[in-house]
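Student: Start from the sequences, fold in the hints, and give me the full structure.
Residue numbers (numbering that gives the first Met the number 0), protein chains in the order written: chain Z, 0 to 223; chain L, 0 to 433.
Hints in this document: simulated from the structure, not taken from any laboratory.
You can trust all of the hints, since none of them are fake.
Derived lysine-lysine pairs resembling DSBU-like cross-links, with alpha carbons at most 35 Å apart:
no., chain 1, residue 1, chain 2, residue 2
1, L, Lys78, Z, Lys9
2, Z, Lys9, L, Lys72
3, L, Lys112, Z, Lys8
4, L, Lys78, L, Lys16
A short list of chain L residues far from chain Z (calculated; beta carbon distances all over 12 Å):
no., residue
5, Val269
6, Ser301
7, Glu354
8, Gly410
Even for Gly, the Cβ is constructed at its ideal location relative to N, Cα and C.
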Amino acid sequence: MIEFDELNKKMVLKLVYYGPAMSGKTTNLMALHDLLNMEGRGELMLLDTREDRTIYFDLLPFFYVAPSGLRIKLKVYTVPGQVRHDATRKAVLQRADGVVFVADSQQSQMVVNSESFDNLERNMTMVGLSLERLPLVVQFNKRDLPDIVPEDEVRCAWRSTGLPVFMSCALKGQGVLETFSEVVGLTFDAVNARHGLTARFEVNRDDFLGTILRTSAANDGNIP
Amino acid sequence: MMNEATSHIDYLIGEEKRLADIIRRVEVEPLLMSIVRAGAVSSVLFNEESLPLAEAGSEPDFGQWRRIEYSIKVEGEPKGLLRITGKPDDMSLAPMAILMRDAVQLVVTNNLKRMMTTELHTSIVQESYEQLAAANRSLVESEKRYRDLALSLEQKVEQRTAELQNAYARLLQQEKLAAVGSLAAGMAHEINNPIGFIKSNLSTFRVYLERFAEMLDFYRLLTSKGANPDQFKLMSENRWRSLKLDMVLGDASELLTQSLQGVERIAQIVADLKCFSHVDEKDHSDADLNVELERTMSVLVSQNATEGMFVRELQPLPLYACNPGLISQAFLGIFQNALQSRSEGLLIRVASRVEEGDIIIDIADNGCGIAPQNISRVFEPFFTTREVGLGTGMGLTVARETIIAAGGSIGIESRENEGTTVTIRFPSRTERNR
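Tutor: Shown next, in the form of structure tokens:
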């Protein structure tokens, strides 16, 4: 958690999209930006990139105000996936409240995926995040490409971890909302358990998710 | 160093920022001023607490004015308020206000991006620096640890080496004493033998002496009684025969001759021993090594060797300054090794010669030889191929120490089942003085 100021009724939460380079983390955020209603969110901020690759991070903020007056700000970040930017990943990951691991579904990327997941586990430990407690959702992206690992295999391989796994095609906006909805829900539950959002601040789970996940009227879940 | 590393501000990505952190008065005021110059009455940017952050122109206290307000967002969240005031009939006020809003918003957003980039960059540089500093500290520590370790290791090695050298020196001394002991035991046996028969001879001789005395007493008795010559002759002959004096006289002479020979032999052994150990000589003297070889062989002959074993090929040698007693002991060790190499038909070739001024001595046997894998170890302390109790493994070690101490060198060559040759080389006098 970035900030919880009870006096000024303000809470700032952090979600992080993690994963190997070119797996589609920024594309996920761009799709969220396009799919979700302007009222619940701020602008997508893309920091300097080089050759279309994130070297710092991207940021998409969401807002919610509870009937009690508690303002909750949810900041969604991506990390740079390239191995050399490990220090940046660690910095972004600090005090995260939820993580989405975006994997590349292509057969050729399986080793890269697992290295990146190892890196996530290591960095979580280093910045003091609990692997058992932190909400973590896995997304297998690029389902539209040929030579991808079949869904059965993916689910079979990840079953033992107990983590929720989603199939997606972020470029077409498919699976993006489902992934985001899951991580926001899990994060809400975790924060609620710790700080009593519902009990003390009248934050309703459905209302919170509904506000943040309010889709644009123009397109109902899919980018045309 | 330490201060530099710890004094940094902990930067958290996502930390909320106030408008005043993002944008400074001097950055916005020129923008606000431009709209006033274009005809607006005043232009003000308020912060989160509705206090002016920057302003241009001044709002009149009275009259009819038109106010246009826009919120300025940080990360999409309204934080500041931009208020443009102008004349009610100014048609360009509204489009100018939109332009102003977009310009201020752009500055805020760009500044925020730059700040986030800079802060992240700084924190990464800081972290890398701290990692390097930590790595450096641990390197310095481990280097110190290894240096201390190396230092104490050196001391320990020196200490252990000294201990080993002491132990080795004690062992050499013990081995020398043991060699002297076994020599003494051999000598005692050799001396005991003649002493035994001399003692027995002398006991017999005492019995014989009593008979001579009895005969002489009888003569004296006959003379004092004044016996006639015939009587005298008859009685004395009878007594002479009953005392078996013919046999006794012959035997007594034989006994004394034998005893004298025994004494001679003891004298010879003692002389050999004295010469061998040089008890009556100074520590260092000019020695003829051929003579030392002969002495050693003769001591061995009086123990467990026979004269026939030795084949001498001795050429005249120059005198060599050394402690002859110690050199003889070294020879003894080498000979004893050769003596144990074969039980029957053993021949030991003892050769001496001069080569380019150096004295060369070969002691070669036709014994069992030494296995190739053992040849390099024969001078090692305690190395022995003999059964437990039969060899200490120190004989050749002591020999080598002694030869080297005397300025010489020793080498060994061997073929299994053919024999072993030990070669000793003493340098010429000139070379030694060099």
